[in-house]
Structure formats: structure tokens, C-alpha cells
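J.: 44 is the number of the first residue of the sequence shown in the numbering used here; add one for each residue after it.
Where hints are given, some of them may not hold.
Calculated cross-link-like contacts (lysine to aspartate or glutamate; reagent style DMTMM-like; alpha-carbon spacing at most 25 angstroms) [said to hold, decoys possible]:
1. LYS202 with ASP148
2. LYS234 with ASP120
3. LYS172 with GLU112
4. LYS67 with GLU52
5. LYS234 with GLU198
6. LYS195 with GLU178
7. LYS97 with ASP120
8. LYS206 with GLU113
9. LYS195 with ASP160
10. LYS172 with ASP191
11. LYS206 with ASP103
12. LYS202 with GLU106
13. LYS77 with ASP120
Because the hints were derived from the structure by calculation, they are not lab data.
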Amino acid sequence: TATVYDSAEKELGTATIAKGQEEKLYVVLATNSKMYLKVVGSGSEVEPYAITTKASPLVDEDEPNDTAEEARPLNLDRARTALLQSAANNPNGSADFYRMLVARDGSLRVVVEPGTDEITVAVSVADRKGTRIAEATAPNAGATVTLDTRIKRGEFVIKVSEKDEAPTRPFSAGTAKRYLKDGYRITATVK
44 TATVYDSAEK
54 ELGTATIAKG
64 QEEKLYVVLA
74 TNSKMYLKVV
84 GSGSEVEPYA
94 ITTKASPLVD
104 EDEPNDTAEE
114 ARPLNLDRAR
124 TALLQSAANN
134 PNGSADFYRM
144 LVARDGSLRV
154 VVEPGTDEIT
164 VAVSVADRKG
174 TRIAEATAPN
184 AGATVTLDTR
194 IKRGEFVIKV
204 SEKDEAPTRP
214 FSAGTAKRYL
224 KDGYRITATV
234 K
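When you get a sec, could you build the whole thing from the sequences and use the hints?
T.: As C-alpha cells, this is what we get:
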């Protein structure tokens, strides 16, 4: 049995590996952080085992954008894809923030389409002072969320997060697909 821990020695997940089998474990870590791996055998015989590690960057062009202060520009009428991924040892969580400047009064529509059915997406819009103007949550995991609200021209911050602020765990056994590829798509329009 292999158990993965974050830098505070909090368990992230466990995988049981059958005798003679190989298992791949994936962990998303915050930059320059540590993880621990504990391997425990079963039975009275001590069997040899091997551990191979490989680090690959998790590519999200918008990172860091985990706080309103780090919000990335979002162009109106242009879809953008990004990851909403937990990372072990990341104190800021996994919300993404975008800022946009709207030149005229109108109706703002923000559509967020999740790339995985593991999370329920939430989106909110705040003005430049940080006052929340509107928020919406998808009806269930994997569903698209659409936020519509009337706005006056100005600067706004959009926050994309998981409904319960606890998106997919940063640990996976067997496949990395949902952790490394399944992002979300966000589009903002004003009419």
C-alpha cells in the first residue's frame, strides 16, 4: 500500500498495489513544495519494490491567478480555457480570478463550462472595490453555469471556483487525465 502525504503530513490518498503489478500515482504539487510517500507491505515476507519519480509541469498559462490581486485579463467575446485544480501545499486554494474592463452599461453574461464531471462550478462577479454584484452555481457536478447580471461600465473581477471550495483532490491513482487535462472554458459577453 502506498500513501501520499503533503508537506504538513496530511494524507492525500492511498493506492493498493497487487503483488507483481505496477501502479501509477499522480500528485499535483504547488511549486517548490514537498510530498511524502509511505510504502507498507502486507504479509510476513518482505518483497523488493522500486519507486520511480518523474516531475512534469502542469501548464496553465493564467497561473498564478488564485487571488483577486493576481487576476488575469479576460477579453470579452473570447473563450478561454484554464485549469481549476487543487494543488497540495497551495495556501490560496484553487479559485481562478479574472479582471475585465467594460466600456458601456449593459447585460453581462459569464458562461463557465467544466471539463470534468467531478466538480460543481461556481462563478461570481465583483466590482473594482470587491463588492460582489452577482453569483451563480451550476445545478450539479459537470453542468455548465451561466451568470447574467446588469452592470454599469467599469472594471470587474470574475471568480471561478468549485461550489464547496474543495475541487478535485490533488491525488490520483492510475490515470492523470482528469488532473492534467480537464480544465474549464469561460466566456464573458456584454449586450
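J.: Each of the hints needs a verdict: does it hold here or not?
T.: We went through each hint and held it up to the structure:
no. : hint               : verdict
1   : LYS202 with ASP148 : holds (21 angstroms)
2   : LYS234 with ASP120 : holds (10 angstroms)
3   : LYS172 with GLU112 : holds (12 angstroms)
4   : LYS67 with GLU52   : holds (21 angstroms)
5   : LYS234 with GLU198 : holds (16 angstroms)
6   : LYS195 with GLU178 : holds (17 angstroms)
7   : LYS97 with ASP120  : violated (39 angstroms)
8   : LYS206 with GLU113 : holds (21 angstroms)
9   : LYS195 with ASP160 : violated (34 angstroms)
10  : LYS172 with ASP191 : holds (20 angstroms)
11  : LYS206 with ASP103 : holds (21 angstroms)
12  : LYS202 with GLU106 : holds (14 angstroms)
13  : LYS77 with ASP120  : violated (40 angstroms)
Hint compliance for this structure: hints 7, 9 and 13 are broken, all remaining hints hold.
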